[in-house]
Amino acid sequence: MPGGGVPLADPVPHLLEVRGLSKSFGGVHAVHDCTLVVPEGKVTGLIGPNGAGKSTAIDLITGFKMPDGGVVRFAGHEIQGWPPHRISRLGLIRTFQLPKEWPGLTVMENMLLAAPENGRDAIWRALFTPAQLRRAEYEDRARARAILEEFGLLSLRDDLAGNLSGGQKRLLEFARVAICRPRMVILDEPMGGVNPVLGARMGDAIASLVASGVTVTIVEHNLPFIERVCDSVIVMALGSVIAAGPFESLRSNRGVIDAYLGEVAAGVGEARPTDARSHPGAGSPRRDGGRLPWGVTGDGDDRRASPRGSPPVPGGPALAVRGLTAGYGGPPIIDGVEIKSEQGQITAIVGPNGAGKSTLLKAIAGVIRPTDGRVLLNGTDVTAQPPERLVRKGIAYVPQVANVFPGLTVRENLEMGGYVRTSGVRERADELCALFPDLKAALNRPARTLSGGQRSMLAMARGLMVDPAVLLLDEPSAGLSPIFQAAVWEQIKKIRDTGVAVVVVEQNTRRTLTHADWAYVMALGKNRLEGTGKDLLHDEEVVNLYIGRLS
Amino acid sequence: MIQYIASIATEGVIFSIMALGLNVIWGWAGDFDIAFYGYVAIGVYMAMVTSIGRLPSPDQYILGWHLPFLVAIVIAMASAALLSLLVGTVALRKLRASYYAITTLATVLVLQIVIGNYTPLFNGYNGLYGLDQPFNDTLKLSPEAYPFFFLGFCTVILVLVYFTLERLSGSPFGRALRAVREQERAAAAFGRNIYRLKLKAYVLGATLGGLGGALFAAYLGAFNPTAWSPIETLLLYAAIFVGGSGNARGVILGVFLVSVVFQEITRFLPNLGGNASFSSAVREILIGILILVTMRYRIQGLLPEPRSKDAVAERVAAKLYAGRGSTAG
Amino acid sequence: MEKVILGVGFGLVTGAILALSAVAFTLTYAVSNIPNLAHGELLTFGAYAAYATQRFTHNVLVAALVAALTGGVMAWAMNAGLIEPFVRARVKNIAIFIATLGVSLILQNFILLIFGGANLAYVLPASDSHQVGPFIWTGRDEQIMAASFLVMLLLYLMLQYTKFGKSLRAVSESRELARVSGINAHHVVEFTWFLAGVVAGFAGFVLAASIGTLTPSFGFAFLLVTVTAAVAGGLGKPYGALAAALVLGLVMEISAFYIDAAYKLAIAFAMLVVVLLFRPDGLFTSKTGGAFE
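Sequences listed follow chains A, B and C, in order.
Under our numbering, the first residue of the first sequence is numbered 247, with each subsequent residue one higher.
Under our numbering, the first residue of the second sequence is numbered 818, with each subsequent residue one higher.
Under our numbering, the first residue of the third sequence is numbered 25, with each subsequent residue one higher.
Possibly wrong hints are sitting among the right ones.
Unchecked claim - BS3-like, lysine-lysine: derived pairs with alpha carbons at most 25 angstroms apart:
#1 A:K311 - B:K911
#2 A:K739 - A:K686
#3 A:K311 - A:K346
#4 A:K346 - B:K1126
#5 B:K911 - C:K116
#6 B:K1017 - B:K911
#7 A:K415 - C:K116
#8 C:K187 - A:K639
#9 A:K415 - B:K1126
#10 C:K27 - C:K288
#11 A:K739 - A:K639
#12 C:K187 - A:K686
#13 C:K116 - A:K346
#14 B:K1126 - B:K1136
#15 B:K911 - A:K346
#16 A:K740 - A:K639
#17 A:K686 - A:K740
#18 A:K415 - A:K346
The set of hints was computed from the structure by calculation and includes no laboratory data.
Modelling step: build the complete structure from the supplied sequences, incorporating the hints.
This is the structure:
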């Protein structure tokens, strides 16, 4: 692994060059002026927090989406705007986040299709030169068998690819790349949901690809893997490239860390006198003092906060989740999760991508059915009840996307929020307009004309129409500028102050921890850390979960 | 009695050819095309106007040649291919699934209306007639013997079609088409031009439809627009759904089950309530139910898509290339 | 020019009938996301029910009511018996779509069995043409337009001002968000189908009255123009369907003055193909619009 900084004049030729690549969707810049280079013959990582635009950039480069602007140069050709099959025939292929095998075809057929085609697909060849085709295929089959054996899939070659396990499908993806012999392959999150044994195997597979001369680019969230395997790394955030170089140098790059953990807004300090809680095991943080790993000095507070005793909340927590396990039909996304949320407190749920935070909220709200565990609302079991019923019981859920009815006016959105109320809809709407003054001005406008920040407010207000005991918020500040994020958090605090138990899932970890009364850090579907927001804010463990070494 | 069996067997063979064509579009490529019977109809019409010569006025239609029937068949196939190329170029470029189906439905209805009303084309709603017993001026078979000859002729064609399709199905072309059906994005990621492959399948299927149409013209002797509608396409689909999408033998089985057996069983139902269309109505209701059941429980049909086994290919290759060392590719 | 104006007059009548059918079609699509190709049979059954009732009661209003109710019940049954069970069983959308074709086949032939295939004359009291401004309409035409206008108005009021109407719009925009707001989406969908069926059944009655004859497949024939209007207006958008239906009616009737009237339908279908190729989301859609713009 090369150490030190990036050489001034990079002698290795660039196989892929991207300059000024841009794409927006409906006013949102998914990729903005993205510029990067990929050297030939090396392994390059492409990392960045959620929403950085990595997937869109890959789609743009490989022809699956049309760029708004910019240049992409591969192997001497300008390929921006080319259809995907044409780019692929130049020797640039890609995999997908979810394995895209051909499920109704056998494993061997999947391999034969991936092998270089050389005009064999033509109808006239099938009709008039079958012997030639058969001989060419004989060679491909022999190569395919050798590769399948390397990956341990040989015995499955006549099975339908759709019947393979998730891990086997990932290996098949690699096998297809191997037989294809491309000049360059872009692997899109190959480690998603992969166990360590399989991960090691895939590391070997990548090594052998590189050994055979293939340039590899890996998009990944699993940073230890990236560190192990990549020669250099490109970091994206908010649609552009913010840093590039060897992984070690990026680890201490302030901009990179900020991108992952979010910024703490200047001047925001949260010194609420009663923000510690009586939790069993609460009080002292995990680690002792010393310099913080990212070169930021502490804020001077005594990190070993003594539990500021507050009387136990009568009747127990508003919301308690015990051993909750849920998924979307395949393997569970969350496994045995436990959280508690008290009235009048902000409970934050943070964690790196793929932690299962959104899934947790959906399982609580009844949108997906948990396979195990219990959800208790003020002590009553409400597990797996349909969402319409949970609303009546006092659980309000505000999703991240599709959180307002775009064609309905603001007033109608609020009315729908108050659908189950037998009375007082108008009064409640008026109360909420006082809480969210922006909405009052827009009462008769369709929700889709609202700005992003206003939409967030409306989404929350809709949820609050039923006077819920528990409010579940899924990334309420997603996609908002820092000013709006601050405004949203002000509202959340006001809501908390009215006695609601607020559960917030967020990506901007630092800002969230600044405001949270209690926080849970999840990773890979399980609880990992918990503590008061302040304690966790200064906890090195948290950084490690996001960027550092995972055991 | 035996004449009767020869007759329904011939019908079954001809429908099988049509259904095999539709199977290329639905079973192999996965597109729900409702315009298919339009290609059959074009095949019928073109076969007729190139072989029946000139009928006395007021019947009017284009061409009016008196070519040998084999030539008429080829022209029929080419016409269907051309028309499908036009439709497919437009419809396949951007549309998928329901929108695609609706577009093809609209197309075939426009075709039907235009042919029915613009009489100079194919004699409008009166239709064409007069295609009697091709080949018989040379063969001079008796009216009892001719149906068997024709059955044999059609069967030979079916066999040719069947083996051609089997070869195509197992070829890289067939495999690429199925990959596009299974997972388009991955097919594009591995170099396949999705639009071009689907278009090839579409034209191929339509051409076979035209072939079936030409034979159907000879079988029926006459044809007019009331004989074709989207229902006919639906009946062919029912045969494929039941017998097995993507499986040629399944398709033939489906045709004989649905078109032949169903039809003949219901033909013998008494006409209750004095309703002359009773038996055909019952038949179509049964077919509708059949479609519902297959959509719900077994969309792939009775016979599954054939799966090539590499274990077999390995053995075959070992025998073929034994002792030859490495061969030039 | 005079022809064009006359065409406008006829077009408004055709458009009025088409609007009823297209709006009903698009409402079920809005909540269930499947184009129901058995929609034509809602009209057919409505028309035949009206015919049968008329034979017994000789009362046009009762016949119209029965037509509407028949349509409503049938549509409710289609949803409860086919769409919902298939969706629950995770059947692919294209397969459900094909299944609705199967249902259409069954229902058409069912009518055929009961009533026979011959054209039945649906005779209402005679109605004379007279001149209204530049247009030529019969009394019946005027009644049809008035009735259609009334139904559209009621629908509009329902959608904009009643709790149910708003919940219908909510469900069509996001079923999940509706549920987490406490709306029982299942009930909303059921009742929407019933309502759409009522409108469709009534449309069948109106169509039969306007044409004067009934056949088992007359609903299916009308299905294609219905789909054309619904698609052109943007699937799932009732106001779009209304506008597109009127436009389509005008186009069809005006063109009938310049080319053979038999090609009216061909024009409609050609329009459909063009719309699908260039504006598959509908003629009146903005990219970021909600369902009911």
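Hints, one by one, checked against the model:
no., hint, result
1, A:K311 - B:K911, "15 angstroms, holds"
2, A:K739 - A:K686, "20 angstroms, holds"
3, A:K311 - A:K346, "17 angstroms, holds"
4, A:K346 - B:K1126, "22 angstroms, holds"
5, B:K911 - C:K116, "20 angstroms, holds"
6, B:K1017 - B:K911, "16 angstroms, holds"
7, A:K415 - C:K116, "23 angstroms, holds"
8, C:K187 - A:K639, "21 angstroms, holds"
9, A:K415 - B:K1126, "19 angstroms, holds"
10, C:K27 - C:K288, "16 angstroms, holds"
11, A:K739 - A:K639, "23 angstroms, holds"
12, C:K187 - A:K686, "21 angstroms, holds"
13, C:K116 - A:K346, "19 angstroms, holds"
14, B:K1126 - B:K1136, "16 angstroms, holds"
15, B:K911 - A:K346, "22 angstroms, holds"
16, A:K740 - A:K639, "22 angstroms, holds"
17, A:K686 - A:K740, "17 angstroms, holds"
18, A:K415 - A:K346, "8 angstroms, holds"
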